[in-house]
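Each chain is listed here by its residues.
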Amino acid sequence: MPSSTSSFERVVPALPWRRILIAVALLTAAATLGWEIRCRTWGYTATLNDTADLWAQQRRKVRPDSLVIIGDSRPLFDLDLDALEQGLGRRPVQLALAGSCAYPVLADLAADEDFHGTVIVGLVPLMFLAPGGPLLATSEKALKRYHHGTWAERSGHYIGRFLEERLAFLKQNDLTLESLLKRLPIPNRPRALIPPPFPPGFSTVDPERRSRMTDKCARPGALQTRIKEGWLPLFTPPPPPTFVPKDVFLAGVGSAIETRFRDTAAAVKKIDARGGQVVFVRFPVTGRLKQLEDAATPRAGPWTRLLAETGAPGIYFEDYPELASFDCPEWSHLSAPDSVAFTQRLVPHLQKALAKGTEAAH
Amino acid sequence: MLFNSLTFVVFFALVLGVYWSLRDWNARKNLLLAASYIFYGAWNPPFALLLFATTALDFYLGSRIAKAQQPHARRIWLIASVTSNLSMLGFFKYGNFLLQNFQWLLARAGVAYRPPHLDIFLPIGISFYTFHSLSYTLDVYRRVCQPTRSLRDFTLAVSFFPQLVAGPIVRAADFLPQLIAPPRLRPGQLGWGLLLMTLGLFEKVVLADTLLASSANTIFGYGGVVQTLDAWTGVVGFAGQIFFDFAGYSTCAIGAALCLGFHLKDNFRFPYAAVGFSDFWRRWHISLSTFLRDFLYIPLGGNRSGPVRAAINLMIVMFIGGLWHGAAWTFVVWGLIHGVLLVIERILQSVFKGATWTSSWGAKLLLGLATYVAVCFGWVFFRATDFATAARLIGAMVDTRHRGDALLTTREILQVGLVTAGLLLAHWKLRDTSVPAAVARLPRWLVGAVWTLMLCAIILAQGTGNAFIYFQF
Chain E
1 MPSSTSSFER VVPALPWRRI LIAVALLTAA ATLGWEIRCR TWGYTATLND
51 TADLWAQQRR KVRPDSLVII GDSRPLFDLD LDALEQGLGR RPVQLALAGS
101 CAYPVLADLA ADEDFHGTVI VGLVPLMFLA PGGPLLATSE KALKRYHHGT
151 WAERSGHYIG RFLEERLAFL KQNDLTLESL LKRLPIPNRP RALIPPPFPP
201 GFSTVDPERR SRMTDKCARP GALQTRIKEG WLPLFTPPPP PTFVPKDVFL
251 AGVGSAIETR FRDTAAAVKK IDARGGQVVF VRFPVTGRLK QLEDAATPRA
301 GPWTRLLAET GAPGIYFEDY PELASFDCPE WSHLSAPDSV AFTQRLVPHL
351 QKALAKGTEA AH
Chain U
363 MLFNSLTFVV FFALVLGVYW SLRDWNARKN LLLAASYIFY GAWNPPFALL
413 LFATTALDFY LGSRIAKAQQ PHARRIWLIA SVTSNLSMLG FFKYGNFLLQ
463 NFQWLLARAG VAYRPPHLDI FLPIGISFYT FHSLSYTLDV YRRVCQPTRS
513 LRDFTLAVSF FPQLVAGPIV RAADFLPQLI APPRLRPGQL GWGLLLMTLG
563 LFEKVVLADT LLASSANTIF GYGGVVQTLD AWTGVVGFAG QIFFDFAGYS
613 TCAIGAALCL GFHLKDNFRF PYAAVGFSDF WRRWHISLST FLRDFLYIPL
663 GGNRSGPVRA AINLMIVMFI GGLWHGAAWT FVVWGLIHGV LLVIERILQS
713 VFKGATWTSS WGAKLLLGLA TYVAVCFGWV FFRATDFATA ARLIGAMVDT
763 RHRGDALLTT REILQVGLVT AGLLLAHWKL RDTSVPAAVA RLPRWLVGAV
813 WTLMLCAIIL AQGTGNAFIY FQF
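Chains E and U, in that order, give the protein sequences.
Just so you know, we're using the numbering used here here: the first sequence kicks off at 1 and counts up by one.
Just so you know, we're using the numbering used here here: the second sequence kicks off at 363 and counts up by one.
Same shape as in the complex, but just chain U:
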């Protein structure tokens, strides 16, 4: 079920109404669990069984980790959990990719092997719910959270419908405590939750799908060389589209959860105003970057074993981060580009350590713009379906003498330009604050007017139910 669908509007209204009318906390949790499985099963019912199987296995393994006395026994149960989760993810998401690469390797060795194409349907949101579930056994192992005795509660923590298919990646340690006692609906919580949902839908339906997607699709789908202006418009358009698409989903999820009395952490914090790449990753897909930091970078040694080892660790993390997004080498290259940029940033930080000019506003702005431009170059590999397309686009972006084709209408170029300018201005204006703090400073009539305009724009856009980009991950 998509947030930007009429089905969800009816579904959410029903769930919300019944949820707050129930007095018994267990009954409410049962309702949320049933609603979450309906939400997920509405795509493909058999995949709900897979979701439950993953959850049940991690519930069992979590209790075994907690009960085990010996460190090596704890480690074995954890390995079982990690292996089972990653095997499932590997089979569904990377099965064909691995076979193709295996075939390529054999061909290099002179062995002609044609693997069967596995007709595998990718369960929607598998990368997200696998991480939701895995976070539990990892945190039980780290003794950050104790195992829950309630399979129902754990199943709800993994499948809670607002965050189930496209994040934020909510850790069991953050969610399970919220299931202990019934939440109270505080004054303004419902209104604020609904405003966040409207903002998220506006970002997705109006900004991403209506104003930006067509330019990006045209440019990335073209087989020839395009003019520099078109190339930049397509790439910058995609940079805006993916932000509004994904941040829109997260905002909707946070708003929907808040309406139900649950608190999910921010997943984005004005990333296009980042100064440097470590700052970017503190602002972009925060739940994934903290997951990889806590469960991969730090266990690898982090930056405790010297700069060279830290650089290697960073590259490993970004390699995995790239692969997590999709079974293609273009995603890996995207991840590695960010890894290299992070390493370079660390080197520069040590070279310019103590330099005062770096904290001036002008320098920050220039470094911020440089970060944005570098991130846009990275997006080329993320969005392109192959390296040839990525190379053509990058060539067109850097070589202004190139005579390529003009593909975009003037209207599309203006749309992308205006939306991007607004996006960057908003991110820079708000980079050191938060949405609630910014909204609290606005006069109430302006909040109402902006909310009304967003709703009217969503109604006018009449979205056709385009799926969110991150569903495929």
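Chain E with its partners taken away, still in its complex shape:
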């Protein structure tokens, strides 16, 4: 028997703990209910958070011959999974990630020796060619969760889903304490290098990660204006850092972009070699955001070069009047009803592009 050398005992303050515990439970429940009601009156509804766990759950659904969507938020909003399934005969797996560069996900699929399916890559050249930073980090975080996620994280995700499907206030990009503090109108110092804020959440997400723009965002109003204004600084390339000489920095970025072109071509060829297919799609963009993107990455630049170097087919929305006729309410994404119509009109082009790819392979 171990000798008892420890007579330590924690002191418990003499208070009526049972009564305090009951009061705390009731007050907390009442405060939570009040907050839930307040959030619903602001127009929030219960919906899932598009987390790395939800992404990893979808990634686990990828089979060797799956139809997979990757890219940024445009394929996430603009593609309707039902319409794609009807048109292409396979239920797609949605792996696009808002605010991300899709290259790491493409490379991961290419590295999966079993994968010989079809990949639809939504392409915004500014994002796809990002040499580093948060765009790449978003994809890498999701991939890390898929490859190294723990059982504890998985079970936490399922419990979280259960709650998120029922409570409107559980909205991680809008209603957390941090998000609420960020909205305080406190001016910053002049010349402070503050990254532009990400626009507030404006979508609902279902378990398959189908994202739909909310009606409130699709209608002209304060939210829509706020989101529009948010895109312009976000899509403006940041100035070179002050601690690296400009020419050295630009040379580094140039070299990273060259590497990205080479690596993308290699990834596409790997998938092709296994009998898979990759198709690039440029989704609708309108207004001042389109002007900004066209000026920064003209079509004759990265888009044309990427198709040439990868040999993959591409669908550019402006080439087809039936795809170019859509208006993006906040310049960057389609409304939920338009996304269904857009996908239906996109399907024949996808079929054609994929058939060509198959012929070329034979």
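Hints are supplied without guarantee of correctness; some may be wrong.
[Unchecked claim] If you only want the chain U side, here are some residues facing chain E, beta carbon under 8 Å, derived:
id : residue
1  : Ser367
2  : Leu368
3  : Asn388
4  : Ala389
5  : Asp536
6  : Gly585
7  : Ala802
8  : Leu808
No wet-lab data here; the hints were simulated from the structure.
Keep in mind the model is a prediction, meaning the values are calculated, not measured.
C-beta: ideal position from N, C-alpha, C; glycine also.
Add chain U to chain E, keeping to what the hints say.
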């Protein structure tokens, strides 16, 4: 499994419910053992085997130490235990670090050697459970505790889930006696335990992760020079973040253990109100500093062989303490900075021995603030990933004429300022008392109101499951 996760909420509710519904003490202990291995295995199941292997080996070596009659035989079995534990820790935690340094040394000697990068996953909390387990053989050797005959009890003592991965470092000698007889749930124990868990989660989720982490991450992650205000905000923000993160974990652990009827000692005692560095180490990560004191400083001779030898012993202890935190020279420098500060403090104490002014409140406050500022400078090396970042930050902190970049929003600066002011005020107000004593003095409605506010803030913060900083150690 993280304390700040929904999985843990469900897990703990289930364990607590089943635990107190069982009448048989052995059944309860079996439940806790199974729960502890599930808690740990939920990260990476194979590492649970490693945890068990360490435990089983120390259980065996502890019994050999106790049975050995000759002093040299006892010492050999102890050396076997220390060597096996430290070898495992060395392989998993310091393997690549040692190889890199070996490569550097060979390069100095003109030998070009490129070692293979070992793809080693660091088992979570390995530094903590190694010390939990090692404390047993050390205490059996010192005859502070007798060996237990129950492998189950010892395995539970090492793996008890509240303290398993990030402390406090609970010594087997403190925990094993609590496994002899079933604990009784005393009035208020469950309520107080749950309040401590709420306080710990509030510190982690709201104060550390939501209000402080972003400033520290921005400043320590920046590659250029920042303005003095930003540098100080980032460093002071990290000082608060690491306290709330680690003390939050310890508070949760103590609360969870108390709900189950176990008593763990304090790991923090208002460290930012410390007056001097020896006082700081009596208040910060107490379980580690007492472990190093009892098992390293005193066996080295402590201060029994004169001031010079004592100073050397202190530097050795702080070197090891720094290295224990991470396999990088920045951690070693952090430890050595504290070692030097402790030595200087001893010299000053002997110079000003008998001076009455040092015990006045004003002097205490000034010395306390000086201690806090020095500790903050130390944190720069602890948090920075390399010496270049640390040098840039320290340069920005001391040179107000420097024209660096402004990176933080006004809101972030205000957040860090307000939280830090609150933290320092609370520590100074409570420095000579304890949390239970302070709470006992409050009116019951205020206790309920503060508890409710903390819970609401945790719910509002919707933590995204950021791991505790000390998990990596």
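Satisfaction of the Asn388(U) interface hint, Cβ to chain E closer than 8 Å: 15 Å, violated
Does the nearest C-beta of chain E fall within a distance shorter than 8 Å of the C-beta of Asp536(U)? 4 Å, holds
Should the hint that Ser367(U) touches chain E count as held when the rule is a Cβ pair under 8 Å? Holds: closest Cβ of chain E sits about 5 Å from Ser367(U), inside 8 Å.
Would the hint on Leu368(U) be counted as holding, given a Cβ-Cβ threshold of 8 Å to chain E? 4 Å, holds
Mind checking the CB of Ala389(U) against every CB in chain E and telling me if the closest is under 8 Å? Cβ of Ala389(U) sits 20 Å from chain E, so the hint is violated.
Hold the hint about Leu808(U) up to the distance rule: shortest CB distance to chain E must be less than 8 Å. 10 Å, violated
Hint check: 8 Å Cβ-Cβ cutoff, Ala802(U) to chain E: 4 Å, holds
Supplied contact hint for Gly585(U), tested at 8 Å Cβ to chain E: 5 Å, holds
The earlier numbered hints that this structure contradicts are 3, 4, 8.
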